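Q: If you want the building blocks of each chain, they are given just below.
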Amino acid sequence: MLMQQEMMYRGMPIGGPSAEEARQRKLDRRASRRAGLFAPELLKAALWQSVVMLRPDIQWKNPVMFVVEVGTVLTMIFTAAQLMGHASQVSLGYLIALDVWLLLTVLFANFATALAEARGKAQADSLRKTRRETPAFRLVGHDQTEEVASTDLKTGDTVVVETGQVIPGDGEIIEGVASVDESAITGESAPVVREAGGDRSGVTGGTRVLSDRIVVRITASAGQSFLDKMIKLVEGAIRQRTPNEIALSLVLSAFTLIFLIVTVALWPMARYAEVYMQDYTGATEPVRSLGTDIPTLVALLVCLIPTTIGALLAAIGIAGMDRALRANILAKSGKAVEVAGDVDTLLLDKTGTITVGNRRATQFLPMDGYTAHDLGQLAAMASFADLTPEGKSIVELYGRETGTSSTALEGLLPPGARFIEFTAQTRMSGVDSADGRQVRKGAADAVVAHVQQRNGQVPAGVQKQVDAVAGRGATPLLVCDCGRLAGLVVLEDVLKPGMRDRFERLRRMGLRTVMVTGDNPLTAKAIAEQAGVDDYIAQATPEAKLGYIRKEQASGKLVAMMGDGTNDAPALAQADVGVAMNSGTQAAKEAGNMVDLDSDPTKLIEVVEIGKQLLMTRGALTTFSITNDLAKYFAIIPALFAATLPWLKPLDIMHLHSATSAILSAVIFNAIIIPMLIPIALKGVQYRPVGADALLRRNLLIWGLGGVIVPFIGIKLIDMALVSLHLIA
Amino acid sequence: MWTLPLLVFVSTVVLAIPLGLYMSWIFDGRYRAPRWLHWVEEQIDVGPRNWKQYAVALLVFNVAAFLVGFAILALQPLLPLNPDNKGMLAPSMIFHTACSFLTNTNQQHYAGEVHLSYFSQLLFICWKMFITPSIGLAALVAIIRGLRGDSHMGNFYVDLWRGVVYLFLPLSVVVAVLLIAGGVPMTLEGNAAVATLEPGAMGMDGQGAAKPQEVARGPVAAIVAIKQLGTNGGGYFGANSAHPFENPSAWTNVLTCLCIILVPVAQLVMFGRMLGKLTQAVIIFGVMLVLSAATVVWGISYDSLQPNPALTVQASRDYAMVDPASPGGRRLLNVPDLVGLPVDQSLGNLEGKELRFGTSAGPTWAAFTTNTSNGSVNCMHDSLNPLAGLAPLVGMWLNCIWGGVGVGLINFLIYLVVGVFLAGLMVGRTPEYLGKKVEAREMKLAMLAFLIHPLMILGPTGLFTVTDWGVKTTNNPAAHGFSEILYEFSSASANNGSGFEGLADTVGFAADDKEEKVPQRAWDIACGIVLIISRFVPIIAPLAIAGSLAAKKRVPFTSGTLRTDTLTFGFVLLGTILLLGALTFLPAAVLGPIAEHLGPLPFGN
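Here the protein sequences come in this chain order: A and B. Here the working numbering is used: position 431 in the first sequence is 444, and no number is missing along the way. Here the working numbering is used: position 209 in the second sequence is 220, and no number is missing along the way.
Simulated from the structure, these hints should not be mistaken for laboratory data. From a predicted model like this one, the values you see are computed outputs, not experimental measurements. Treat the hints with care, as some may be off.
[Unchecked claim] Pairwise CB distance ranges (calculated):
{"hint": "1", "chain 1": "A", "residue 1": "S671", "chain 2": "B", "residue 2": "L352", "range": "30 to 40 Å"}
{"hint": "2", "chain 1": "A", "residue 1": "A93", "chain 2": "B", "residue 2": "V79", "range": "53 to 63 Å"}
{"hint": "3", "chain 1": "A", "residue 1": "A481", "chain 2": "B", "residue 2": "S570", "range": "14 to 24 Å"}
[As the list claims (entries may be wrong)] Computed footprint of chain A on chain B; a stretch qualifies when at least three of its residues, placed anywhere within it, have a C-beta under 8 Å from a C-beta of chain A:
{"hint": "4", "stretch": "179-190"}
{"hint": "5", "stretch": "347-359"}
{"hint": "6", "stretch": "429-436"}
{"hint": "7", "stretch": "581-590"}
{"hint": "8", "stretch": "597-603"}
Even glycine gets a Cβ: it sits at the ideal position worked out from N, Cα and C.
Kindly generate the complete structure, drawing on both the sequences and the hints.
A: In structure tokens form, the structure reads like this:
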């Protein structure tokens, strides 16, 4: 019933500026998605923030970059010492160049994080626009209202919202029905119906009531609403590191420690070479090389430690949340998004997800002398006034089969016809013409009773035919014409186009799909087979869903589900990823760990892909970061010992200009690769549902092999540029 | 040339399959022991243990074994079976030797025939040689139980018993008998006195009579068998398997060479069998085989197929050196030409080789003995061509190509966990191995185990290259001297025990422990500490990982799961090992063998 009402409202044209505004907002949002990652206003905010983040107490949270910062300070001290006249084997220009590029490395890293945060903020700001202060009418006593600011509302307050007003906060309708324009948060211009007592009682602050009057109990005080929490999350204000991020940080810290050992041990080893070369050349003092020059060793350390991923790790996490938000999903934590990538089983509601919302007429089965054409005409007549999707689909089917246009269909109606509306009591609808002709269509038993009441004949085979239709998962409607049965209209669930492919895609991703439906097992099985899902839960009660989830989890699987009703709440809470629809009840939203603003049941698939992308991006950039080191070694090691052990020249396979240019080139490459990879970090590495092995091969080739090759080219190019610009002696 | 390594590889694989199956049968307790053995087993079986209890039992036993070992060595002059009256050993050497044999390393700063009595050889050396590989194997078996999700890790003492009594004892008896047949002595009599052909070749005694030659001998076959089988490597004689009494002929050379990698290969079969996932073991085997073959081929190519550069003609070369004092800031460094010596070099570098084994026997053995943590030698590693010397170094740096009994595969699993973590992320899932999620705790432990090795090699090497401890004890200058220091710590940290040699690291008897022996004492103590840390951290941490994985729920396998038994993952493993190895040790390799190879040879004015 609710669905029918909603569809009716949706069908209604909505005039006025609000629709226009909504469309505009939606377009804006799309544009912002397309707009470059480096929009000027974002850049400005991020640039300043990246300087602020140099503060050691902030930088400390990123151990890899903290090491770079400490190293930078160390080289600066050496530079200062040289400025004050301390002799050194390296030129002042080289030292200053090192200082600048090391500092830039830290700044680039901070910039990546700041930019991701700024993008999140921008996204949050567009959401926050809906949070502007609005007047609220708080109920005091029984019928009195007082006007207060929305920001003064507290949990438990009840407010009255009337046509045209903005709902002041998240809450639940306790009285009334209203159509609500939620375009402010979903971007969808079609209004939706919200009413007290059902599964669609939840309303979100900032949305506008288009018709009627409702009483809302506020469930989140100002600043504590769902949206507020989400805004804080994307802004990074309460960014908690996810388990996988913690594990990866540990690995990166360990690599940093290993390279610290390598670099520190290199000083005495280089010293040893300098001393024996003193003997060999007969010099008066050790033959110095960059191998014992501390700023150069700092440069080596910075090049070796995984700065690329260290710089982008936070940004990747924030961008994951941001991508979820762009898909109109509010995640309660970064962990929820990450877990989504691991999901093994998806619980999908049949209606609206696998099938188009409602049953549709697919066939006319005439009986007792009627032709299919006659039956269709009768059924269409009986359905003209029926605005339910089922009714409309009958008219459409007739029009399609006879090739009649909708205006021509109007002509079929006898003049002076009176429509009989569907009611829960009669379970029939139809039309009475002025000449007393009665056409009815409706549930099989109701129509049979109607015929018998008018002393009509019910042919013996009817029941059998009705059962046969029901048995294959379809719904039979009987049509009678003046007390005489004319035939059956078959209503069937219509699969959404492309669902089979989608499930196939999911299967390749390694996910099992389970269809949840209230249908009887026979119908459920038939539809499950058609749709190509892996399993189904028929006659699903909330307990059955919960039980299924528990069973899956007991065998080690992670389960994702979507739900809207209060009775979904336990299952949503039990599921590892529980996505509540924004249209759903507050209880459902509280229980889940994500809310889908679009209330789109296929969103689960997107959630899983976002989760996988998040993990993949981390893995790919870590691999890239570590494989890069090989080329840096080939640039730096020959340079380190060039002055002491001239015979190591053959190791300089890139033929770099000089020792200092080699080291600077490596440091510069190491720094600029960070901003160059920011787009990848923010957009994520593309996920393809091709199975783990193929995906691994692909990513290994791109990020593993690519990571080995790219820096050889990059460092050589930078070296050539430095020479051609005469920046290096 | 290539027959020897091929023969060893093929026969090892053929023998390792049944042996590995036997080992899994033993350690899964599916045998029925004779009554008296069963009685002993019942006495020591204190029930199944979790990983912490298992680790504690392992540590307690090792502490006890250390103390007993230390006591035996320290009391050597008072103990029986000492026909040649070996005296009191220097304290630092006792400490080093006790550590070395406790950790299955058998790094020797002493020479067996000079410093040890038969009692010490049999009750200290031989005993340790049996228990230490069994301890490593016990740890591996416990880890396998954790990986396959058993409710407990087994019992350390029972596993130790099974390793010693059912595996190494019977295996050693067979090998020892074959060795005796091949001419290896087995006696408790003192040194043989032989009249030299040339009278007076050994000097004259006080009465003016010619001194006889003292030929050291003893219970050699027993020790050589377990030395090879248990990746021990500590020779009965200082010359190790180059000594004609340890390794008399080409036939015993093939046999003992095969024994080096036999159990380390067989443990892969055991791993696959015990997990019930043979393909997992096959992929690991494949990766190890590639790496092992690469080190053998590398060694032979740069040693048996290349002349000794020090004997070869070299043209004069000039190098530009930075020199602010010279005009233009540069001056030329001339490396003068070298006249070739009239030596036939068609058989490659023959310096330090035992030709009775064939030309490629040296580098082949060098590769195998460092692939595993065996450490016995049949040629002078110091005399390998510089680049050929890189092969044993690489083996010890990676320390996971076959590896030591038990611990080799454990080390490999650490690389595997790192590989799984990176590859797992790249397929878009929280990484998992054998259906268990690899998370922060596992990674913390894995990285701890991983970074001990570079820390224990590079740290002390750095320290010794700038102090008299290192500088004063190398017998060669320049890069080669650096390699000697680097090799010694690599050998210690890999628990390998082979020596590059050319390092004066022997203190000797307590009577010789004089003021000038400080650097030698430093070697003893530094190596001793490295040995202990590098042995136990990489055993305990993986035990903890296995314990934590065992407690996790098994995640079902889907097409989105990273498979660890595919060729692709084999490449991931190979890449991870080579890359991490290169990134950690490339600078040291450049300053050692590579600098020596590219620089003037022989070095010096």
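Q: Taking the hints in turn, state whether each one holds.
A: The hints, checked one at a time:
no. : hint                           : verdict
1   : S671(A) to L352(B): 30 to 40 Å : holds, 39 Å
2   : A93(A) to V79(B): 53 to 63 Å   : holds, 59 Å
3   : A481(A) to S570(B): 14 to 24 Å : violated, 39 Å
4   : 179-190                        : violated (count 0)
5   : 347-359                        : violated (count 0)
6   : 429-436                        : holds (count 6)
7   : 581-590                        : holds (count 4)
8   : 597-603                        : holds (count 5)
The structure fails hints 3, 4 and 5 (numbered hints given earlier, in ascending order).
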